[in-house]
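Chains as they are written, first to last, in the numbering used here: chain A, 1 to 403; chain B, 1001 to 1403.
There may be inaccurate statements among the hints.
Okay, derived cross-link-like pairs now, DSSO-like style, lysine-lysine, Cα gap no bigger than 30 Å in a straight line [claimed, not checked]:
| # | chain 1 | residue 1 | chain 2 | residue 2 |
| --- | --- | --- | --- | --- |
| 1 | B | Lys1117 | B | Lys1054 |
| 2 | A | Lys283 | B | Lys1254 |
| 3 | A | Lys299 | B | Lys1117 |
| 4 | B | Lys1054 | B | Lys1254 |
| 5 | B | Lys1054 | B | Lys1299 |
| 6 | A | Lys283 | B | Lys1112 |
| 7 | A | Lys112 | A | Lys254 |
| 8 | B | Lys1176 | B | Lys1299 |
| 9 | A | Lys112 | A | Lys38 |
| 10 | A | Lys112 | A | Lys283 |
| 11 | A | Lys254 | B | Lys1112 |
| 12 | B | Lys1038 | B | Lys1117 |
| 13 | A | Lys283 | A | Lys54 |
| 14 | A | Lys176 | A | Lys117 |
| 15 | A | Lys299 | B | Lys1054 |
I should point out that these hints are in silico values taken from the structure, not numbers from a laboratory.
Number of protein chains: 2
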Amino acid sequence: MVNVAILGFGVVGSGVAEVLFTNETHIDRKAGGPIRLKYILDVRDFPDSPFAGKVVHDFSVIENDPEVSIVVETIGGARAALDFTRRALAAGKSVVTSNKELVAEHGCELLKLAAEKGVSYLFEASVGGGIPIIRPLNQCLAANEIEEICGILNGTTNYILTRMIRAGLSFDAALKEAQANGYAEADPTADIEGHDACRKICILASLAFGRHIYPRQVPTEGIVAVTLADVAYADSCGKKIKLLGRAIRQDDGKVCAYVAPHLVDGGDPLAGVEDVFNAITVKGNAIGEVMFYGRGAGKLPTASAVVADVIDAARHRDEKKRVFWAEGGEDVTASSAGLESAWYVRAEGTAEGIRAAFPGCTLLARADAPEGEFALLTGSMTRSTLDARLAGLAVRSAFRVLD
Amino acid sequence: MVNVAILGFGVVGSGVAEVLFTNETHIDRKAGGPIRLKYILDVRDFPDSPFAGKVVHDFSVIENDPEVSIVVETIGGARAALDFTRRALAAGKSVVTSNKELVAEHGCELLKLAAEKGVSYLFEASVGGGIPIIRPLNQCLAANEIEEICGILNGTTNYILTRMIRAGLSFDAALKEAQANGYAEADPTADIEGHDACRKICILASLAFGRHIYPRQVPTEGIVAVTLADVAYADSCGKKIKLLGRAIRQDDGKVCAYVAPHLVDGGDPLAGVEDVFNAITVKGNAIGEVMFYGRGAGKLPTASAVVADVIDAARHRDEKKRVFWAEGGEDVTASSAGLESAWYVRAEGTAEGIRAAFPGCTLLARADAPEGEFALLTGSMTRSTLDARLAGLAVRSAFRVLD
C-alpha cells in the first residue's frame, strides 16, 4: 500500500484525485499494488466533495506521517510550493509535480535533494500537460545526442493565434474569446508574454543538455506584437505564425534558447498544430526528428501525467531516479544574437528604401495594405545584421522564419 | 561494465554498433557505466568493418559467456531469432529487439520467460522505428484506461499513398519508385498487403489492453486495391487515403483490431503524415488524444530505439521489467463486423440503383469519371448493413471513413 497526499486542491489537484479514484483498479495493477489518497492539503474546506474527509490544513500532518511516501504538489508558484517540496523531500518522500515555475527555477536544487534522500522528484506534467515528453526525452532518446528542441508549448497563445489566422479576429478579440472559453486566465500576462513557454523550454533544455538553464537566461518575446497584417503576409507565402520555444545545441556545446513568434512553413508538422494543442519536436543525431502532440493543458490530461509519475514513484521507491541535471551557469547558454535565420519583416517606408536595404528581395502582398507598408522574407542572417539593414526604416514586425 | 552481443549484422544491427560507437560517451553517462560491444553474430564475415574482430558464427559462444548480459536481436523473422532469444533469456541475459514478427507472434511467451529469469525483453524498436511509443504507452499513459490506438504504422505504404496523392502516380508506379529509393523491398508483400502494420498493431494492442492479440485475429487489408480514382474522390471531399492499424476497446472489454485503408479528414493530424513517416495516436480516458510522430524506419532511428532499450536494460539488471501482458485467446478480440462507421464507396451501376440503395445520398465527383461510375460517403453503419445495401451494385472500392 502506497499512501499519497495532494497539496493544493485546484484544477489539477482535484483532477489527480478524480483519476486516482476513477481508474483505481487499472492503476493498482500498473503500480503492482494499491495506491491510496490519504490527505488533501488546502486552505479551504470542500464539504461537498467526496474527498472532504481527507482535507487537512497543516502541512506538518503530511510531513510527519511516515505512511505517506508520495506527495503530489499542485499548488503552483514558487513560495509555499517550494517550502513544502523541500520539506517533503527532506522527510524522505517522493514528490510529483505539475509546477513548471518551480522546476524551471529550482529544479536542480530539488533533484539534488531528492537524489541525496534516495527518492524521486518527477514532473512529467510540467511540460505539455498530458503529452508524454519528459520521460521519452530522458529514456527513449537516451541513445541520442540531442541537437534541438522546438515546440508549441503554450495552449493559450496557440489558441489566440489560431483564431487570428482562421477567423480573422484581432489579437484583443481572440484573447477575450480565449478568456470566455476558459483557455486564458483573467491576467493572461504569463501566457501572452511568453513566460509560460519560457519555463517549459528551460525544463526541456535542462533535461536534454544536462545543465540547468534558468528563465532569466532565455530571451522571451510573446505574441502581443503579432497583428492581422502579419498573419495575412504569412498566409501569402504559405506560412503560419506560431509562438515557439527553441533550444539549439551549438558546435561549442553551448545552448541557444529563446521564445519568440516564428513563421512556420505550412508543410511543417508544427503548422498543423491548432487551438489549445501543444507539440514538441526533438532532433537527435541518430533518431532524426520526432514529434509529440496532444492537449497541453486541462484538468484530466495534466492529472493523467501526474498519476503516471505517481505510479512510477510507487514502483521505484528504493531506487534513485535517473532524471538529473547539473547546476547551470553563465557558460551554459549562448546568445541567440549569433543565430542565423531567414526573417520576416514588415516595415513602413519607401520602395526605394526597402530595395536599398534588401537588394533583389521579393516583396509580400496582402489585401488592403496601407500605402507605404512593405513586407518581405530575408535571406539567412543574424539579428544584428538584420538590424543594420533595417536602420532608417520604420520596422513594425520582425519574426524569424523556422528553417 | 555491461557487455552486449548483436545477433544479425544487417541494416539495424550495424546501426546499433554505429550508435554505440558514435555516442559512446553520452551513452555511458546515461547508463551510469560503460556499455561495450563484445560480439557480433552473423553467418558472414565483415573483414572491412571496424567491428570485424568481434564477429562470431556460433551463438553458443555468446550463450555461454557469462560476461554478456544483454543480447540485441536484429535477425528478424521467427526461426533462428526465436531459438536464440529463448536461449539467451534462459541463460539469464536480457534481450532487446527490433523484430516485430517475433514479438507479435511470441511476445507473451518471451515476456514470461524473461520475467521468470528476472531479466528484460524489450522491443521499443519493433513499432514506429525510432519513435518512442512502447515505453510511453506502458509508463506515461499508465494512469489511463486506453480506449483506442490508431496509427500509420508502415512507412512503405504511406510513401506509396503519398506519391499517389501528391504526384498522381498509379499504385504500380509509386511502388516502383519506392523500391528504387530503398523504401520498399524487392518482395513488398509484407508491406503492401498490410502484414507489417498488422504485427505492429498487435504489439501495441497487447501492451495497451493486457492480453496477447495474435496477427491471425486481426483482419488485414493492404493498399493494393487503392486506385487513383479513389484518391481523387477522397480529395474531392477534403480527405486523404491512409492505411491505418486500429485497436478499439469495446464496452464489453473486448478489442476490435484490424488493418485497412481509411479516408481521413484533412484536418486530422494523421492526414498530414506524409512520405515514410509514421504516427500513432492513443486515446485514453483521462489524457484525451496524444500523437507520436517520426521516421518509422531507417537504420539510425531504429538503432536509436534499440540502444535506448539497451541503456534501460543495463540500468535495471536486477529488476523485473514491468512490460508484460497475459496469454491471449479467442475471447480477447471482437470482430470488426460489428463496428459502425461511415463508408466511402465507389461502384458501377445506374444512378437509380445508387439512389435506391442510399436514399438522399450526395454523390462525389471527379474529373474524367467514366460513365456509370458513382462514389459516395454513407452514414454510419456496420459492414454487413453496407453489404446488404450494396447487393446488386458492382462495388469497386469500399473503405471506412475515420471518425
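Going down the list of hints, with the structure as the test:
1. This hinted pair checks out: B:Lys1117 and B:Lys1054 have alpha carbons roughly 27 Å apart, not beyond 30 Å.
2. At roughly 38 Å between alpha-carbon atoms, A:Lys283 and B:Lys1254 are farther apart than 30 Å, so this suggested pair is violated.
3. Taken as a hint, the A:Lys299 and B:Lys1117 pair is broken in the structure, with Cα atoms around 41 Å apart against an allowance of 30 Å.
4. For the hint linking B:Lys1054 to B:Lys1254, the alpha-carbon distance of about 48 Å lies beyond 30 Å, and the restraint is violated.
5. About 20 Å separates the Cα atoms of B:Lys1054 and B:Lys1299, which keeps this hinted pair within 30 Å; it holds.
6. Restraint check for A:Lys283 and B:Lys1112: the C-alpha separation of about 35 Å exceeds 30 Å, so the hint is violated.
7. Taking the CA atoms of A:Lys112 and A:Lys254, the gap is near 22 Å; set against the 30 Å cutoff, the hint holds.
8. For the hint linking B:Lys1176 to B:Lys1299, the alpha-carbon distance of about 21 Å falls within 30 Å, and the restraint holds.
9. A threshold of 30 Å between alpha carbons decides the hint, and for A:Lys112 with A:Lys38 the separation of about 27 Å falls inside it, so the pair holds.
10. Restraint check for A:Lys112 and A:Lys283: the C-alpha separation of about 27 Å stays at or below 30 Å, so the hint holds.
11. Between the alpha carbons of A:Lys254 and B:Lys1112 the distance comes to roughly 45 Å, so the proposed pair goes past 30 Å and is violated.
12. Restraint check for B:Lys1038 and B:Lys1117: the C-alpha separation of about 22 Å stays at or below 30 Å, so the hint holds.
13. Of the pairs offered as hints, the one joining A:Lys283 and A:Lys54 is violated, with about 45 Å between alpha carbons and a cut-off of 30 Å exceeded.
14. With a CA separation close to 46 Å, the supplied pair A:Lys176 and A:Lys117 exceeds the 30 Å bound.
15. Taken as a hint, the A:Lys299 and B:Lys1054 pair is broken in the structure, with Cα atoms around 53 Å apart against an allowance of 30 Å.
Violated hints, listed in ascending order, are 2, 3, 4, 6, 11, 13, 14, 15; each of the other numbered hints is respected by the structure.
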